[in-house]
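A.B. asks: Modelling step: build the complete structure from the supplied sequences, incorporating the hints.
Spelled out, the chains give:
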Amino acid sequence: MPSLQAKMFLVFALIATVPLMALSYLALEETRGALSTEVGRTHEDTAKAAAAFVGAFVENGRGFVGSLATRGSVEQAAQAHDADAAQTELAAFRARSTYEGKSVFDRVMLLDASGRVLAADPPESAARGSDLSSADTFRAATNSTSAVVLPVPATSGPPTLPIAAIVPSANGSSVGVLVAHVSLDRLGAELQAFALGSGEGIVVTDHRGRVLVHQDRDLVNVTTDWSKIEPVRLALRGPSGHLEFTDARSEDATLAGYASVPRLGWAVVDEIPTAQAYAALTKLTAVLIVLSGTLVGAILLASVVLAQRIVKPVRELTTAAGALSSGQLTTRIQVKGGDEIAELGAAFNEMAARIRESLEGLRASEARYRNLVESANDFILTIEPDGTVSFAGPLAERVLMRDRGDLHGRAVSSLVHPADRPRFDDAVRRVLDRGEAVQWVLHGVVARDGSTRLLRSNLSPVLGKQGKVQRVLVVSSDITSERRQERFRESSFQMARLVSEESTVEALAQRGLGVALAAGPFARGALYTKAGATLRETATAALDGASGEPWDRQATRRLAEQAVATGATVRERDVLAVPLLERGEALGALVVQSKDRDSEDALPTMTSQLAVGIRRSLFEGRLKEYASELETRVEERTAELHAKNEEMEQFLYSVSHDLKAPLISIEGYAEALEDEYKTVLQGEAKLYLERIRKNATLMESLILDILELSRIGRIQDNVATVDMDALVADVAARFEERFRHAGGRFDVQPGLPPLRGDKDRIEQLLNNLVENAIKYRHPERSPLVRIEGERVAGQGVTLRIIDNGRGIPVGSEDQLFKIFQRLPTPQGMDDPGGTGMGLAIVKRIVEMHGGSVTATSRPDEGTMFTIVLPAEPPQVSIAPRRHDRANTKEPKP
Amino acid sequence: MRVLVVDDNPDHRFLTKRALAPLASVEVLMASGGEEALARANDEQGGRPDFVLLDIKMPGMDGFEVLRRLREAGPTRDLPIVLFSSSENELDRARAKRLGANGFITKPLDARAFIDVVRGTVEAWTRKLAG
Chain X
10 MPSLQAKMFL
20 VFALIATVPL
30 MALSYLALEE
40 TRGALSTEVG
50 RTHEDTAKAA
60 AAFVGAFVEN
70 GRGFVGSLAT
80 RGSVEQAAQA
90 HDADAAQTEL
100 AAFRARSTYE
110 GKSVFDRVML
120 LDASGRVLAA
130 DPPESAARGS
140 DLSSADTFRA
150 ATNSTSAVVL
160 PVPATSGPPT
170 LPIAAIVPSA
180 NGSSVGVLVA
190 HVSLDRLGAE
200 LQAFALGSGE
210 GIVVTDHRGR
220 VLVHQDRDLV
230 NVTTDWSKIE
240 PVRLALRGPS
250 GHLEFTDARS
260 EDATLAGYAS
270 VPRLGWAVVD
280 EIPTAQAYAA
290 LTKLTAVLIV
300 LSGTLVGAIL
310 LASVVLAQRI
320 VKPVRELTTA
330 AGALSSGQLT
340 TRIQVKGGDE
350 IAELGAAFNE
360 MAARIRESLE
370 GLRASEARYR
380 NLVESANDFI
390 LTIEPDGTVS
400 FAGPLAERVL
410 MRDRGDLHGR
420 AVSSLVHPAD
430 RPRFDDAVRR
440 VLDRGEAVQW
450 VLHGVVARDG
460 STRLLRSNLS
470 PVLGKQGKVQ
480 RVLVVSSDIT
490 SERRQERFRE
500 SSFQMARLVS
510 EESTVEALAQ
520 RGLGVALAAG
530 PFARGALYTK
540 AGATLRETAT
550 AALDGASGEP
560 WDRQATRRLA
570 EQAVATGATV
580 RERDVLAVPL
590 LERGEALGAL
600 VVQSKDRDSE
610 DALPTMTSQL
620 AVGIRRSLFE
630 GRLKEYASEL
640 ETRVEERTAE
650 LHAKNEEMEQ
660 FLYSVSHDLK
670 APLISIEGYA
680 EALEDEYKTV
690 LQGEAKLYLE
700 RIRKNATLME
710 SLILDILELS
720 RIGRIQDNVA
730 TVDMDALVAD
740 VAARFEERFR
750 HAGGRFDVQP
760 GLPPLRGDKD
770 RIEQLLNNLV
780 ENAIKYRHPE
790 RSPLVRIEGE
800 RVAGQGVTLR
810 IIDNGRGIPV
820 GSEDQLFKIF
830 QRLPTPQGMD
840 DPGGTGMGLA
850 IVKRIVEMHG
860 GSVTATSRPD
870 EGTMFTIVLP
880 AEPPQVSIAP
890 RRHDRANTKE
900 PKP
Chain D
672 MRVLVVDDNP
682 DHRFLTKRAL
692 APLASVEVLM
702 ASGGEEALAR
712 ANDEQGGRPD
722 FVLLDIKMPG
732 MDGFEVLRRL
742 REAGPTRDLP
752 IVLFSSSENE
762 LDRARAKRLG
772 ANGFITKPLD
782 ARAFIDVVRG
792 TVEAWTRKLA
802 G
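First to last, the sequence lines map onto chains X and D. Here the working numbering is used: the first sequence runs in plain steps of one and ends on residue 902. Here the working numbering is used: the second sequence runs in plain steps of one and ends on residue 802.
Hints are computed from structural coordinates only; laboratory data are not their basis. Each residue gets a CB set at the ideal place from its N, CA and C atoms; glycine is no exception. There may be inaccurate statements among the hints.
As the list claims (entries may be wrong) - From the structure, some residues in chain D lie toward chain X, with a derived Cβ separation under 7 Å:
hint	residue
1	682
2	757
3	758
4	778
C.D. replies: Put into structure tokens, the structure is as follows:
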């Protein structure tokens, strides 16, 4: 193991690290070069930016001076020689011409047209009246129309940059000259902000190389000539650049970026010691070296691990396994040393030896295996890679109804049921391609006669000499009958549910046929039901994908008729008709196209279930017909009744009206007779006349009662809650006089329950009953009438009207309520007179309210009327709506 | 006051006339049918009635029709008319009111009932004219 590791380490050290180191070095050098150029450019950019700033600063100053020179107030001060006004203007100018809050100008003065100082600011910078007409500034200004920038004068103090401009009058002539000195010291202070690095500084020289700005103030002197110093020299010549040079004064290696200021021709140099400039670069280099060193170390370490643990043993084993799997069963791995690889190799070798042994054993048994296959009681086939059958067992021959010669060379797909073909082919392909076994493939096979059997097959590879799959062995079990039983049970259960659910023959037939077809499965079917003497085709159906000859409807009808007539199953070729028998009677027939005789066993169960359902449907249908017929008849009768009722009412009204006319005449004449012949009529004549009038009155009340009865046709829209306490009080008040007269009493239970109804009718009802009680009172005692009542849970209200009158003869309670029915007046009692209508009206009113009235009585003791009214009267009574009689009235004859 | 009694029944006519006899100020005019009633009501020579008692149920033109025609024509539009019937019926009452009758009396008529109706009618009429 150590030797292996060392070998791998060396190889990787050589292969991986040397080029990596070389590459790292090259990359470092390249980076350094690129970075130093970049640093130089950075400083060049700084110099350019500083140069641009200088240009802008000076131009800005020129702008300030130009605008002051053309100011009206300055012109007036110059023209008027007003020194004080000029002084004020100049001071204000300096105060406002600022950059970053400080004045740009060191000093400023106004000269008059002749060149004498008129005013200056600060005032001590120039004496008033001194003649400067010969100074460069005055001359340069008077020669130009705009502000002029002059060279920096060689003075001993800090250098300033003079800018001069004439002060023009309205006509354009000069009335004076303005001279302002830009503070270069101020400019220098601003410029140092550009130099960011340590030791970095900005140097500005004028066009002659004199130092104007330097971070070392001592060097700033117009007499210091730097035109020979390398960056300044280059800047005065060209636009910009950068270089490394050795500063002659400090002898330091220095990096400089330089640029020239346009127009002014000044040089701007950004210089920095090289060591400082490259400080960042040096640091970066160090980091790079450390990084690449670490990387190399990591790679080495990884390579050692890889070499030791994985790569080599895997490769060796892969190679050996490949050889083994391609049939070289003698392949062995060379085992050296005692490490893990050696152990693995030994194990591999042992495995190879075992495989070889078992495979040899397998080959040796091939002859035996063939015998086994031929005698097995299983369905066995072998399939060649081209999909043809190369061997078929005896059972396979029987099931498929083809002999060996017919099966050999036939495509196996043609034997498999079409619906299962893709699945079966897929299984065969898997065995051939991958050499793995596929189990539990459920599929149908089609026999020569077209019948289908269901198989459960296991497919396994048969290997050849090279270990390759030569053919597929199919071993199957015939599960057709198992499956069929399952289907029977399922269908039978479905049919039972169907029969209990469906109520019409059509629905039952359509769905039942579907279930029956699935039980087979049968390709096609039709269901016939008896309709009188003939058969009706109630439903037809075909399974999806059903094939075969088209359905001959005439032939199936004939078969169905035959089955119904004989009550037995009839067959013609593959068409089968089974009668729907129910208690010995054929209610129809089920006709199916069958390819599978065994499945036909299910049919009698199906048909008897269907027959029960159909019988029930027929019965229910008939029941419905009867019900609807009955309903129609009831409706007709009700309508007739309505019509009759209406006719009756109209007749009653008409009759009573017409009866009244002569009655009125009779009464009228009787009255006239009595009036006019009062004195003439004597004795019996007078009595007869009285009798005539009395009878006329009785007849009138009869007629009125008939009229009333005809009107209680129905409860109209005036149903309301009736306060019975108040209503009974009204009734009592009405009869008060008569009770008092007879010495009787009216006794009312307080707190009678309110009820729902027509108040006027209820009042009439009470009137009639109380009236009766008085009319038929007992001759020997004063009348007593009691009214009581209570609410009855779930029923409404009960009212009782009890009297102490004569009572009713036993057994005649029912007669009481009949129209014109009057009970006989017992002997010795007065006929109270009456129409016999009062109780009929009472009964009618109660019935109109949906209630009932009964009378119980004890002769000589009294009568009790019990009225039960519902909580709410019915909305519509059987009586028709009353119409306008005036329109239908017939003229009198 | 001239009262026109319209009734097809001669007995009723006679009895009505007799009932009105005690009223001295009443002069009774008679008509036995609708046509005759319309003629009498518009007869200027014979003197128009001041009041009409009109039976409803008559052959040919019935009381409602007579009432309708009297209310249509200008001269009789405001004539007080009271309908007169053997039997009482709420529908007939309602129809009479709709057609513009001034009252409704059930037979037989007595002088007292008549006076009440006339008084009521005159009062209503006065109120109506005043209003």
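A.B. asks: If any of the earlier hints don't hold here, list their numbers in rising order.
C.D. replies: Structure breaks no hint.
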